[in-house]
Every structure is written in C-alpha cells, then in structure tokens.
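Peer 1: If you're matching positions, the sequence shown starts at -17 in the working numbering and goes up one per residue.
One should not assume that every hint holds.
Listed next, the in silico BS3-like pairs over lysine-lysine satisfying Cα-Cα at most 27 Å (straight line) [to be verified]:
| no. | residue 1 | residue 2 |
| --- | --- | --- |
| 1 | Lys51 | Lys29 |
| 2 | Lys29 | Lys12 |
| 3 | Lys12 | Lys52 |
| 4 | Lys5 | Lys29 |
| 5 | Lys43 | Lys55 |
| 6 | Lys52 | Lys29 |
| 7 | Lys51 | Lys5 |
| 8 | Lys43 | Lys12 |
| 9 | Lys29 | Lys43 |
| 10 | Lys29 | Lys55 |
| 11 | Lys5 | Lys55 |
| 12 | Lys5 | Lys43 |
| 13 | Lys5 | Lys52 |
| 14 | Lys55 | Lys12 |
Distance windows between CB atoms, simulated [as the list claims (entries may be wrong)]:
| no. | residue 1 | residue 2 | range |
| --- | --- | --- | --- |
| 15 | Leu53 | Arg(-14) | 30 to 40 Å |
| 16 | Gly60 | Leu(-4) | 27 to 37 Å |
| 17 | Lys55 | Glu19 | 14 to 24 Å |
| 18 | Asn15 | Lys51 | 28 to 38 Å |
| 19 | Phe(-12) | Phe59 | 18 to 28 Å |
| 20 | Asp33 | Pro(-13) | 17 to 27 Å |
| 21 | Arg32 | Leu53 | 14 to 24 Å |
| 22 | Glu19 | Arg(-8) | 17 to 27 Å |
| 23 | Gln54 | Gly(-3) | 19 to 29 Å |
| 24 | Ser30 | Asp1 | 14 to 24 Å |
These are calculated hints, taken from the structure and not from any lab test. For every residue, glycine included, the Cβ atom is placed at its ideal position computed from N, Cα and C.
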Amino acid sequence: MQCRPFIVSRMVSLGLGFDCASKQELEFIKAANANIENDVIFSQPIKSSRDLTAILNLGVKYVTLDCAKKLQKIASFGVPNLKMVQGWFFTLIFYQNQKMEKEA
C-alpha cells in the first residue's frame, strides 16, 4: 500500500475495497478502519504458513490461489467452510458457518 493514510481513510469512507499482498498492508488499512472481513482480498502469490496464520488472525476472508497445492495448504489450517469461486484465478472465500455461530 503505497499511499498516505488520509487517502486510505477516504477510500474506506467511500466503501472501497483493497487488494493487499502483505501483513503490513493489512495492518495499514486496518488502522484506517477498513472492514478486513468484507473489503479485503489477500493476493500474495507466495504464501508462507506464517503469512497465512497472520492474515487469518487479522480476519481476512478472501484469498487468491493459483494452484491446487495452495488450496491444500490453506485447507490444512482447518478454516471452516471454504467456498471456491472459479474465475481467471481461484478465489477462496473464508466465511463462518452460520450453524457453528449459532451453536457457540
């Protein structure tokens, strides 16, 4: 994210989304009160286990994939109810299972 905080804050106020490629970018836009769960997609092509843990802990729900191996890697984190949307690239949508939320 190579822009000034006031620009990001303005983008958030306009309801725009963000495409992030690092934990630092996610933290930057989170500090501007962006809705991480709904308005952010994490599109770093090389995702280490440390990166995945960090972005999931920050609340990211959308992650791009470019191969089935990465799908297996992300699935190994035990994220409930993965929904895959196929397009130019794979996009995984992480969302909470409504039933699990009701049971909690």
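Peer 1: Hints broken by the structure, by number, lowest first?
Peer 2: 19 and 23
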